[in-house]
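Participant: Heads up: the sequence lines are chains L, C and F, in that order. For the first sequence, UniProt numbering begins at 1 and goes up steadily by one. For the second sequence, UniProt numbering begins at 1 and goes up steadily by one. For the third sequence, UniProt numbering begins at 1 and goes up steadily by one.
The set of hints was computed from the structure by calculation and includes no laboratory data. Hints are not guaranteed to be accurate.
Unchecked claim - What follows is a set of in silico ranges between Cβ atoms, one per label pair, in the way DEER data are often shown:
| hint | chain 1 | residue 1 | chain 2 | residue 2 | range |
| --- | --- | --- | --- | --- | --- |
| 1 | L | Gly86 | F | Gly862 | 39 to 45 Å |
| 2 | L | Pro88 | F | Gly796 | 47 to 53 Å |
| 3 | C | Thr60 | L | Gly86 | 21 to 27 Å |
| 4 | F | Lys882 | C | Val96 | 36 to 42 Å |
These numbers come from a predicted model, not from an experiment. Built from N, CA and C at the ideal position, the CB exists for glycine as well.
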Amino acid sequence: MLLIYCPYCEEERSELEFRNGGDAHIARPTNMAEISDEEFEAYFFLRDNPKGVIFERWRHVHGCGRFFNAARDTISDRFLTTYKAGEPKPDLNEKPKTGAEVETYEALEGAAQ
Amino acid sequence: MADQAIATRNVPLAGRRGGSPAAILTPADPASRIALRAGAEAVSALSAALGVTLPVRPKTSASTGRRHALWLGPDEWLVIDEDNADLMAAAASSGVVHSAVDVSHRNTAVIVSGPGAEVAINSGCPQDLSLAIFPVGACSRTIFGKAEIVLFRTAEDTFRVECWRSFSPFVFGLLSEGAEDAAY
Amino acid sequence: MSGVNRISGAGRLTPARSARFTFDGRTLTALEGDTVASALIANDIHLVGRSFKYHRPRGILSAGAEEPNALLDVARDAARRQPNVRATVQEVFDGMKVSSQNRWPSLAFDIGGFNDLLSPFFAAGFYYKTFMWPKAAWHKLYEPFIRRAAGLGVAPTEADPDHYSSRYVHCDVLVVGAGIAGLAAALAAAKAGAKVILCDEQPGVGGALHYDSGTVIDGKPGYDWAQATGKALAAMDNVTLLTRTTAFGYYNHNFVGLVERVTDHLASPEKSLPRERLWQVRAKKVILANGAIERHMVFANNDRPGIMLASAGRTYLNHFGVAVGKRVGVYTAHDSAYEAAFDLKKAGVTVAAIVDCREKPGEAVLAKARELGIEVLAGHSVVNTTGKLRIASINVARNGGGASRKIAVDALLVSAGWTPSVHLFSQSRGKVKFDASTERFLPGTYAQECLSVGACNGTDDLQATIDEALAAGELAARAAGAEGGAQVTLTGRNAFEWTGGMHGAAEGAGADTTVKAFIDFQHDVCAKDIRLAVREGMHSIEHIKRFTTNGMASDQGKLSNMHGLAIAAEALGKEIPAVGLTTFRQPYTPVTFGTIVSHSRGSLFDPARKTPMHAWEEAHGAEFEDVGNWKRAWFYPQAGEDMHEAVARECKTVRDVAGVFDASTLGKIEVVGPDAAKFLNLMYTNAWDNLKPGRCRYGIMLREDGFIYDDGVVGRMAEDRFHVTTTTGGAPRVLQHMEDYLQTEFPHLKVWLTSTTEQWAVIAVQGPKAREIIAPLVEGIDLSNGAFPHMSVAEGKICGVPTRLFRMSFTGELGFEVNVPADYGQAVWEAIWARAEPMGACAYGTETMHVLRAEKGYIIVGQDTDGTVTPHDAGLSWAVSKKKPDFVGIRGLTRPDLVKEGRKQLVGLLTKDPKVVLEEGAQIVADPNEPKPMTMLGHVTSSYWSSNCGRSIALALVAGGQARLGQTLYVPMADRTIAVEVSDMVFFDKEGGRLHG
Ligand SMILES: [Zn+2]
């Protein structure tokens, strides 16, 4: 069970208090009615599902109720940072790890060292 | 109509008593409550109107007598008046932009008291309730088993557990099991 | 007497405290503190079960949690019976009933033993090869056969009468394992002031010191030091010492699951005690002091009862005071087993010989063996064993061949060395590394905030273990923020330093394809099976594991993994690390369902949400249905009525007179702020600016893709305040959806959302007499049509308490929805009922509500829509604003597929035979004679008998439905085809005049 730092509550809390909200930094077009089919597809349907660092939204639904953003490594489940909604995507001083460099269950299986 | 008897109030958990010597469970008396929402610019006017300083730090509360303002989020407070004062009118008198919604009947509360109160609540609540982390006066919306609660520590060994009324039998039931386990 | 093999003066149990139990009906005496295993061995019983596949006689192999053989059925009473209990872990209590498993008709004569003779048919992979065909035979033949043959015990049929508890707990340092390393680490952390939890799966602290006889720590015998240290720790305020507590799972972010066995060892536990307690620990730092697990030797017929791990033999002797035999042999590749021989010899047991497959055993143990007069056969191997139900002899031969010598034994202690227990480390996602010099996997790269110390970290030397553990304890405490004082130092020394160890098959296990040299006892996997798997093309350890099932039993290969890996590596001609290690998963040892479920059973399984009027409804005979977590009154059967009759009566009564309905569960959201209307404009397809305070409007909410998400009536209470209603099931997700947009897309809007679902009890009064019923109770609201028309809302009083009164209808009748603060709900309901009942009105439930709304063609989101239906498909185009520049879903609605001709649209269906009621979900076709697969046009979404229409009615999603009005379509059922006519969706009062009555 994850431990997530809520930037509003300024404290780490159990995953049980949170709900994941999918990818972050996908802005809803302000001219929604006018966008093309391709633009709508990109906005609504297409996601990267990265192996490695993902910027994603969480809501502290059973806490302060706020949506906020997080950078999480999808392989190790380590949170690199969390930050308030509306704040720009942080420049992660830590170079994002690639899948091959991250220690995983999968990497262990069948081929330890 | 004047000759009609005024409807009687049936509170949830009426007559329920429970817990263990380690953690005694008592349904709280009816209280008036508002869910208060406002921006930072309205805090001082609302504080003045309500007669209690709205806390702006996470997990903190402020009390004036039997009126309590609990920080739930950066623009959200649960204000409880144990004497059933008209909080809606008080908030309205602030004259600043805000949202006050009467939730006096939406919520009910259980008082958990005794040396095992922390353990009883930790039967379903994943937060660290040790005094250093959750001191007297601390409050938080959180989860208790499958129910959402607002937890408010009113004394070293006493918590007020607020929940929605239809969840109260569940909350009371799980607290009872937690209280029993806290005795060991 | 507590067993013939109990040696007076040996062991640490109290001879005066005995307990009686039965094993397969035979009454036996044990001592308090015995495990079932130690008590059985004390009574000279080694044969305890039959093996999984071959039904071979099996005995007790170990003295701990790694036990693969001695799985027994343990009962307190009929309901408190548990299969597959490890005899080496379960403590004896007075009155317990123990039975062996997987044998018929008896343990000594088991008919399944024929499987052993048929074993050529049960080679590795036999499941995949044998039971593939014919398919039909699976259920009738193969599965029952496997189930009967498999030694999995029998589950109890009674409900579990025990209760289980669970708690979350936080600490600075969690120490797993209370052996030497764990105790030292916990002591250092605690003295530094950290909040410490120390847990151990055994009943007492000490770990390996349970079997030890020669270690001295802090000037005391090791076991005594451990007990004193455990006592001192338990007395500290900042320490929680949990024995009989297994850390079974290491999860994300230092979340560790512990299960504490609270009552399983007690003869008559207090009823209020939980049987087990789940500790959900969140630790800042974790110290793993799991120790190591001894491996058995792999040789021909190495599974006979009486063959056990050397450390187990020592445990039974030194801790339980039980000799495992009268004439004991030792077969080893490691010095540690020598100490078992020494202890036995000193206790007066005959040691037949120590067979050591190494040419050069450790010098110290060799010298000691000579001194004690024990014969040591170095460079020898055990090549076979005899004995039907217990080992009788071993055949020993010089490595490299030559004649074998038969040595009579009644027990054989084996040791191939020690495997560091990296299970929890691996669960934490740590990456193991292979230490080539000692040929073992050790903790390598850490993934979480934890440290391994002692034997599980590959630290062999005692003083090094102590120093490493003390340092780790203090480091963890400091890192967790502890600032306390005292540093701890400890000194310790062993009787002997140990050398040696081997993996895989020993000499004499042979490459022979018929020799049964077991590596996985629980799944009956032999060395030859691993070789077969390699020959059949399995080159990855993951494939070999699944092909042979090695390590896949409930013991997860604690003994067998390294042996299997070594044999595979040899067969593949590779180094061990090149073949790889399978991953360890939670749980470390099996965990009961009771513990996992814990409090979540019965009324605490899920909150049962009840409305303020629930007690009245129950008292008036309502049947209830579950809607989400709510219990909703479904219908109110009167004497002699079935559901159909009750609903027909309720439907008629509402339209003829009136009905009272509990609508409290409807979701309610208060939307407040100067930008409230602006926000609702974005959230709903409708326009809200022009809705005047005191008026209501039906609103549709879409997802961004254009499909209907929810609907409900919204009342404007004031310029800046709306009372929004949602579907019962949709309330939480609609609020989440609105918060999402408000916080992340439209944060500039000054508006706030508050759930008020439970603030209000809602009493719907519907029907021609609705006004007459409530009018005398209402104060301050003019209920006349002119002042309070359909779709109005006003605040006033009812029965002297505040109300938000809505004039609205989900039935098509003159209707009101009385909202009162929830605690007044029951009293106001009773007051309304007191007026309604004498007029001939009824109370009605959700089923009648469903029928009445269907008669009017009102949809239910989630029943008539399924996430692929647009407002246009649902015939609700009128509710979609054409003027607004934006709302959620505006772009989705214009996607090519959503504006295409021929989409499924909601229509009414009238069966040609009015008495036939369609089945909801039934498919609809145009040509009932079309060969299969037929072209499906859509399906029935709602279907009822309508007593008001005197016929059946239905709603359906039909391709191009609105263009098919009047057409005849068909609903093919299993036994007949039903002809239907497509109609519009309104079946009753098409003009809608009754709404305005
Ligand atoms: Zn928060």
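Participant: With reference to the structure, classify each hint as holding or not holding.
Facilitator: Each hint tested on the structure:
At about 33 Å, the CB distance of L/Gly86 to F/Gly862 disagrees with the hint of 39 to 45 Å. L/Pro88 and F/Gly796 have their C-beta atoms about 51 Å apart, which keeps the hinted 47 to 53 Å range intact. At roughly 24 Å, the beta carbons of C/Thr60 and L/Gly86 sit within the given window of 21 to 27 Å. Evaluation of the 36 to 42 Å hint for F/Lys882 and C/Val96 yields a pass: the beta carbon distance comes to about 38 Å.
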